[in-house]
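Protein chains in written order, with the working numbering: chain A, 955 to 1310; chain B, 10 to 288; chain C, -4 to 485.
Incorrect hints may have been included.
[What the hints assert, rightly or not] Capping the alpha-carbon separation at 25 Å, the derived lysine to aspartate or glutamate pairs in DMTMM-like fashion look like this: (1) B:Lys28 <-> B:Glu222; (2) B:Lys130 <-> C:Glu483; (3) B:Lys28 <-> B:Asp207; (4) C:Lys56 <-> C:Glu146; (5) B:Lys130 <-> C:Glu440; (6) A:Lys1295 <-> C:Asp21; (7) C:Lys0 <-> A:Asp1305.
Quick caveat, the hints were computed from the structure, so don't treat them as lab data.
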Amino acid sequence: MGKLDVAGETTGLGLTGTAAWLGPHAATRNDAAMPANRLVRFIPSHNPSMATALSLTHLGSLMRGVRSVDEVGAEERAASLAKRSIKKSSKLWALDLAVRCMDLTTLEGADTPGKVAAMCAKAIRPKPGDATIPSVAAVCVYPLRIADCVEHLRGSTVRIASVATAFPSGQSFTSVKIAETEEAVRVGAHEIDMVIDRGAFLSGDYQRVYDEIVAVKEACGPAHLKVILETGELGTYDAVRRASILAMAAGADFIKTSTGKVQPAATLPVALVMMESIRDFVRETGSPVGFKAAGGIRTAKQAIAYLVLTYETLGPDWMTPDRLRLGASTLLNDVLMQIGKERTGAYQSADYFTID
Amino acid sequence: MACCPTSSSTELDVRKTYKLFVNGEFVRSESGRAYRPDGKVNVPRGSRKDLRDAVRASRTAFPGWAGRTAMNRGQILYRAAEMLDGRAAQFVQLLGGGARARRELDQAVETLVWYAGWTDKLSQVTGTVNPVAGPYFNFTIPEPTGVVAITAPEVAPLSGLVRRLAPALCGGNVVVALAAESQPLAALTLAEVLATSDVPAGVVNIISGQRKELLPWLASHMDINAIDTAGCSADEIKAIEESAAGNVKRVIKVTSDEQSPYLVAAFMEMKTVWHPIGV
Amino acid sequence: MAITKKQSAELARQVFEYAPAPEAIDHVKIQPHYGLFIGGRMVEGHSKKRFPTINPATERKLAEVVEADEVDVDRAVKAAGKAFDSWARLAPSRRARYLFRISRLLQERSRELAVVETMDGGKPIKESRDVDIPLSAAHFFYYAGWADKLEWAFPNRKPRPLGVAGQVIPWNFPLLMLAWKIAPALAAGNTVVLKPAETTPLSAMLFAEICMQAELPPGVVNIVTGAGKTGSLVVSHPDVKKVAFTGSTEVGKLIQRSIAGSGKRLTLELGGKAANIVFDDAPLDQAVEGIVNGIYFNQGHVCCAGSRLLVQESIAEPLLEKLKRRLSTLRLGDPLDKNTDIGAINSRAQLEKIRGLVESGIEEGAELYQPECVLPERGFWFPPTLFTNVSQSYRIAREEIFGPVLSVLTFRTPNEAVEKANNTPYGLSAGVWTDKGSRILWMAERMRAGVVWANTFNRFDPTSPFGGYKESGYGREGGVHGLLPYLELN
Chain A
955 MGKLDVAGET TGLGLTGTAA WLGPHAATRN DAAMPANRLV RFIPSHNPSM ATALSLTHLG
1015 SLMRGVRSVD EVGAEERAAS LAKRSIKKSS KLWALDLAVR CMDLTTLEGA DTPGKVAAMC
1075 AKAIRPKPGD ATIPSVAAVC VYPLRIADCV EHLRGSTVRI ASVATAFPSG QSFTSVKIAE
1135 TEEAVRVGAH EIDMVIDRGA FLSGDYQRVY DEIVAVKEAC GPAHLKVILE TGELGTYDAV
1195 RRASILAMAA GADFIKTSTG KVQPAATLPV ALVMMESIRD FVRETGSPVG FKAAGGIRTA
1255 KQAIAYLVLT YETLGPDWMT PDRLRLGAST LLNDVLMQIG KERTGAYQSA DYFTID
Chain B
10 MACCPTSSST ELDVRKTYKL FVNGEFVRSE SGRAYRPDGK VNVPRGSRKD LRDAVRASRT
70 AFPGWAGRTA MNRGQILYRA AEMLDGRAAQ FVQLLGGGAR ARRELDQAVE TLVWYAGWTD
130 KLSQVTGTVN PVAGPYFNFT IPEPTGVVAI TAPEVAPLSG LVRRLAPALC GGNVVVALAA
190 ESQPLAALTL AEVLATSDVP AGVVNIISGQ RKELLPWLAS HMDINAIDTA GCSADEIKAI
250 EESAAGNVKR VIKVTSDEQS PYLVAAFMEM KTVWHPIGV
Chain C
-4 MAITKKQSAE LARQVFEYAP APEAIDHVKI QPHYGLFIGG RMVEGHSKKR FPTINPATER
56 KLAEVVEADE VDVDRAVKAA GKAFDSWARL APSRRARYLF RISRLLQERS RELAVVETMD
116 GGKPIKESRD VDIPLSAAHF FYYAGWADKL EWAFPNRKPR PLGVAGQVIP WNFPLLMLAW
176 KIAPALAAGN TVVLKPAETT PLSAMLFAEI CMQAELPPGV VNIVTGAGKT GSLVVSHPDV
236 KKVAFTGSTE VGKLIQRSIA GSGKRLTLEL GGKAANIVFD DAPLDQAVEG IVNGIYFNQG
296 HVCCAGSRLL VQESIAEPLL EKLKRRLSTL RLGDPLDKNT DIGAINSRAQ LEKIRGLVES
356 GIEEGAELYQ PECVLPERGF WFPPTLFTNV SQSYRIAREE IFGPVLSVLT FRTPNEAVEK
416 ANNTPYGLSA GVWTDKGSRI LWMAERMRAG VVWANTFNRF DPTSPFGGYK ESGYGREGGV
476 HGLLPYLELN
């Protein structure tokens, strides 16, 4: 049985029962396996030093024991939630929330200070002349553009998120990733969107992935860490679930679906699986972790579907930018047009919404 | 021909005491009663308690028999054909001798051989894989319904019984059979064939006695899943159908010469299994 | 942030309880009263008795229908008898075309049918819209294709139709059960007299219109409304050669008894008390969805509902926690609202029955759990309910409740799960949740039930045979097996 209650007893935490996110095959075969279990379950995410201090020799077997996901069932559940219908004032509020949770993103080789300046203006005031539309949660840029954001977002509530750790592939040296993270935070990033090393993950080197997240988290200092799983490269929902658990155990403040550079990016079932992992992790550890969907969210309708999914999976406490983000480059205008439609009753034209 | 009381042997016969066949054993009726259908030979007159014991034995034997591989059941049915054929002379005599008796015996042997070959084809002919509109693998397979009661017809007391027994056994059911009331000897002797054919104890139970007395108990027994009415009159069928409603028994009414996989299927339940297809 | 975290959560709580999103009903015309569909047209009943059919969510009368009497039923059966010869002799490919037509008409009028189904029966519109009506149309489409291929279905035989089929259907899936009955009967060349359930006759009345629109030859389909008395007149009519019934085991037994000796062919699809078995290695979140879908789908008015949850003891605690949490997100209310998960209980009588059984569960010592749930003032409602500490001997673990009530039992080993699952006179369906392939097959083999859902539950498809073991009835509906009850194989 996958009983981890021994860990609870020995640590005097009085925890019993089976971890909901673990399958029964994650059995602790001997005492040597205990640290890994204890680690993933009980190490508070804000104490990475304790994590690195412990032996992780059994992390692999622990990961293989993460409870499975039935693909068809997960997709059906997501599809059924997508059919929820939101009308009128509810819809307006939901659209407002979508704006408040948005990470307005540009991640192009062609990004310039001018492009970022325009985006920052849009982030602060999405609809010029309409103060009732709130600012977005954050902008998300490459590290070299952080300084531009600092300049143009001064005095606003909009936070600066920077991708880091050899985004988007993650195929670089850990030292480089750490250095990049430290530099990004130093120049003004409030949030770091790191990518996991999918190569290591898929080859079964969970230890490497885990250690790297722990190290980057440490490098973040006060900045929030979002860990991008790049679910489109993981192949199965089982792997998504494993990666989610691994990232949260290693100290992620948010787990995030995708870079936006790989198809498929965010999908509703992937989001569902990640949110269910968060729910289980919170149940076990008590420490909440946020969720960010990124890539492929282009319409207000899609955005609302993610909100519904979040509400029904994680509950109202996640309906805030502190715990939910929607990363998008082209979503904002569609949301604004929908808000216009709800307010005026007339369908809107793109000509009336700025392209930045 | 020690078994046969009509033998004209000058030796003093060692007569056989005819017994019921319950749970693989040859037993007297618990009632201690007998009747003489031909006016000479004592045949046990089975009671409702004998039926009860037989149903209990068959229920116990059911999972084992249903769980045998189809091939194994086929081999056992074929073995029964071998054993029956090996005793051909005895059966022909029991059936009254002559060409007609011989035909009946041959037919019984042939029926066993025919159904022996069906055990491992039935699900291929009556089962399906169903192309449902969704990401599911879905298949339907025949499974035995459980304890089947069979009433042997009075005509053709051997082959008539074998024609119902074999298809029921073929699919993995267990059987409580009522021998033909007027000519039970062949059925009771068939038990000896089955007992030497690796048919597990309890899989076939054969009771002789008076149909009028026993049928109501069979028809109302809550642990019998299906009842075959091959040997019954219209009035009897009506009575059986009324009682059968007590536990929604399947009442099987097909012509007594039916020989087909559809008859096997009549003793079967179709089970459909769904499973998602995903990674 | 302009809005605090707490405010945001509170607002979310309000918004995502969702503002009403009612399905439009202005495109649906329900007549004040309906006659009977006999001989190809709507006729006034001989019987002057009428009874109302109400919307169980509002208790408002929707229409009045005839309580058909002996003369009405006789007329319907005679009409079906008269139509039989020509229908059976019609080129099979033409029979097929009529059925294809009906299927298409059902699709074309799907939203209207969904609304009527929901108003008359109380089921959530999302279910009538996404399940009942599409499956009904699909059923006709599937059997349409069989009409001219019967010789391929039964090798070595010449299948022949039986004659007039008398069909009595329940109120839980009115149109779908109608489709399950009429489509294979017609494909096989029979004609039918169908009696819809007394509380849900309206979609059948719409179906009568569709038969006329399809220009189906008169008398091939006849529909008589009424209650149990009318139903018994249909099944006992001497010219009816084949009886098909879906409903309670109690009534099924009465029918089996009543037609004893008549030579009529009979198929029964009766009650159930399905075990939904969750092993400790199951994909838990999907299992929770399957459990919810298994028992709260259609308010639990489902004969194959997974009303007994058998959960492996080692996983019971987290599973129940998840399940209870999930229950709290179920929305009960206006069945016409697109966000409603749990609609109205079909009738006052059914509500009383559910209440009685739930009372018995409490009295026998089971522990009741119901999420916070405001029930509308009018109409018939029952909140999603879960019982823990249930013993196999409790009535709620043995009797079919036919409502949104789940009994939770635990097991320790696979053998114990099999034993408990099969320990019932019913045998309609079973669910198995486990990640281990060989265990799925091992379990599927041992379930004494006609349908086994592994890692899913309550899935239906026209190609997939459905029907029970033991007291859940006999005969199959759906698939090639569904043709057999409507054919003579000579």
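Would you pick out the hints that fail for this structure and give their numbers low to high?
Those not satisfied are hints 4, 7.
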